[in-house]
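A.B. asks: Each chain, letter by letter, is given below.
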Amino acid sequence: DAKTTQPPSMDCAEGRAANLPCNHSTISGNEYVYWYRQIHSQGPQYIIHGLKNNETNEMASLIITEDRKSSTLILPHATLRDTAVYYCIVRPFAPNNAGNMLTFGGGTRLMVKP
Amino acid sequence: NAGVMQNPRHLVRRRGQEARLRCSPMKGHSHVYWYRQLPEEGLKFMVYLQKENIIDESGMPKERFSAEFPKEGPSILRIQQVVRGDSAAYFCASSRQGTGELFFGEGSRLTVL
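In order, the protein sequence lines correspond to chains W and Z.
Each residue of the first sequence is one higher than the last, beginning at 1 in my numbering.
Each residue of the second sequence is one higher than the last, beginning at 1001 in my numbering.
Isolated chain W, as found in the complex (with noise of 0.2 Å):
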């Protein structure tokens, strides 16, 4: 039962920003919404993670919605670099337990064009 709903795919302008999108309508209170990304076929990048505040880093911003039923991942000046499967998924913060794994879904395949 998938947790996130994504595009499969976007296209961005090189130095444009990427606003990737992801629906979670039925995130617990407990759980927060973690971004990856997959360069072609390297291992999976952890690229940010929030509960219900704004959050930003050296490498995105992440903004949830008040209801926190979405969020969208930004990339302000997106490079070809940025060219990866974006992932989108919630779990609760707590320490791994049996059955709360990492799962990851089809994600958004973004390609950044010059």
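Check the hints yourself; a few may be wrong.
What the hints assert, rightly or not - Quick list of in silico lysine to aspartate or glutamate cross-link-like pairs, EDC-like style, CA-CA up to 20 Å:
(1) W:LYS3 / Z:GLU1068
(2) W:LYS52 / Z:GLU1101
(3) W:LYS3 / Z:GLU1106
(4) Z:LYS1051 / Z:GLU1040
(5) Z:LYS1027 / Z:GLU1106
By construction, these hints were calculated from the structure, which means they are not laboratory data.
None of the values given here were measured: they were computed from a predicted structure.
Once you have looked at the hints, place chain Z on chain W.
C.D. replies: Using the frame of chain W, we list chain Z on its own:
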């Protein structure tokens, strides 16, 4: 500070042979996870281990697959009597406290002839 190290990066086996994939977590990390990615498919969780303990193996096939994370040394994913359907990329990840921030290795790509 070295990241998660996996070896071998590429492994070729004939049907019926055994494959052993090794994973050294990041320094200070005691939680290890194995994921499998079949060609053109998504990442599937296989097993979660802490030192000397299997915490969750709900994603492991019932037969031929086993994993361990001994007190000393790397975590090992072992596949006995490999079949062509085992051909995939196997990714290992580690975390410090078992939370959702995982650090992945570059993967081991198994090809079964």
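A.B. asks: Now look at each hint and say whether the structure bears it out.
C.D. replies: Do the hints match the structure? See the list:
no.	hint	in the structure
1	W:LYS3 / Z:GLU1068	30 Å, violated
2	W:LYS52 / Z:GLU1101	17 Å, holds
3	W:LYS3 / Z:GLU1106	27 Å, violated
4	Z:LYS1051 / Z:GLU1040	32 Å, violated
5	Z:LYS1027 / Z:GLU1106	16 Å, holds
Checked against the numbered hints above, the structure breaks hints 1, 3, 4 and satisfies the rest.
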